[in-house]
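Using the sequences provided together with the hints, build the complete structure.
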Amino acid sequence: MSESILVKSGGGADLDVVTAIAADIVAPKVSVDKDGEPIIGTIIDRGNWNSSDLVAGASVTIPAGKHGGSGKVTAKSLASQTACTATDGYVYSGKTYWKDGTLRTGSMAVNSILSFSAAAYGGKQILLKWQNPYAATGKPFSGVEIRYGTGGYPGTGGSVIYTGAGNNTAPGGWSQVVVTLPSFGTTYYFSLRSYATCSAGIMYGGVINSSAATQSELWLTFTSSQNYTIPTGYSKLDIFAVGGGGSSSTRTTKSAGLGAGGGYTKQQNNISVTVGEVLSIIVGTGGALGQIASNGSPSIVSRSGSVLVEAAGGTCSDNGERIGRGGSGGGNTNGGMIHGGRGGSNGSSGYTGGAGSDTQGGQLDSSYGQGTTTRAWGSGTLYSGGGGAGTSAQNSSSRPTWGGAGGNGGGGSGTGNYHTPGANGAPNTGGGAGGSGYCKSTGTLSSSGGSGIVLVHLY
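In full-length UniProt numbering, the protein residues as written are 1 to 459.
Please keep in mind that the hints were generated in silico from the structure rather than gathered at the bench. Check each hint, because a few of them may be wrong.
To be verified - Here are the computed distance ranges between Cβ atoms for each label pair:
1) 134 to 381: 54 to 64 angstroms
2) 167 to 225: 31 to 41 angstroms
3) 273 to 173: 28 to 38 angstroms
4) 57 to 176: 48 to 58 angstroms
5) 81 to 36: 52 to 62 angstroms
6) 40 to 73: 28 to 38 angstroms
A virtual CB, placed ideally from N, CA and C, is assigned to each residue, including glycine.
In structure tokens form, the structure reads like this:
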């Protein structure tokens, strides 16, 4: 058997550099390996492979093989994956959500109050009123938050004075609340914002403003007896009362009258009261004119039959036998003296007349005053002066004397056969009556006491 020798021609490929294997060649292409043996490729030709099964949150595996370069991986439409019943109005304003394949922004906002006002109600109380919003989809409403300040509208600052729905929750209805502020006679500024409570917390709406001033403390003066009902907004009471002044009477010849006492004063502070309570106020009358002098009557303030304050009336000066006692004492006189004693003032005793001047104190009888101030509230108007004594002298130099300050009832003077009654105590001062001047004739000389007064401070 003969051998064949294959002689390679020059310029052939060097098979030693071949590294490709079947897995590197697209099927059904044929190549040779480094030994010159033919090999058939095993890479699958995928052409332009496509996928349209990708859903949100999923992944797809791209198969091995040759790809043509124009294939696509396409996600399924989100519309089929994000179907929902929510609308923009059910999602908080500014928050985003997917609906039917579209990213949307919520528009839900707290419903706004339709109207808001503030008005004085009584004392330190203010009435706040608002109109609820009408129901609307995407506009929830639970109530209102109200803040206040004194230097301007507080907005979302200041102090919260009320949170809630008031006394009426009906859509479109008017609701209100009465709030108590710290001070009387002060302008307060209010800012209201509506709110809605939900699972995410509290949502707030816009702010609307109103302002009002609280009422002032009440300073009341009663000059006649009556009932008084405690108004809304006040819880405390101070009372200052002055009893009626005593009267004077002289019915003996050759004598002068003595001054009557001013009404006593009485003060009571910090009495608790409630709205609607009725105070019975009795203003004391002054001692009346008459042959026999009379005491002033008391001024009394009571509630439901219980006395809160009682200020007694001043005592009378009768026929030169006694000098009036009271809030301030009546004046005294000595027979034949030019000067009668002037009445006491501001709780002091009366004075005794003399030849040259008035002196403190009494000789016929002690005309003591109450010994404490008769000024309203301790430092105000002066009340309850004692009446001055009449002049005992019978010459032309005799002259009238004066009642104590606050009483306004000076004593009269008499000359010759003439007799002159003393001055009356001034109305609503509690002043005591003045004593009559000296006289020679018979008859009665009488002067009336001043009526009392009641002052009330409500706060």
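Checked hints:
Between residue 134 and residue 381 the CB atoms are about 58 angstroms apart, so this pair conforms to the stated range of 54 to 64 angstroms. Between residue 167 and residue 225 the beta carbons are some 40 angstroms apart, a value that agrees with the proposed interval 31 to 41 angstroms. Range check, residue 273 to residue 173: about 34 angstroms between beta-carbon atoms, so the 28 to 38 angstroms window is met. Checking the proposed 48 to 58 angstroms range against residue 57 and residue 176 shows it holds: the Cβ atoms sit about 54 angstroms from each other.
Roughly 57 angstroms separates the CB atoms of residue 81 and residue 36, a value that falls within the hinted 52 to 62 angstroms. Judged by the Cβ atoms, the range 28 to 38 angstroms given for residue 40 and residue 73 holds: they are separated by roughly 30 angstroms.
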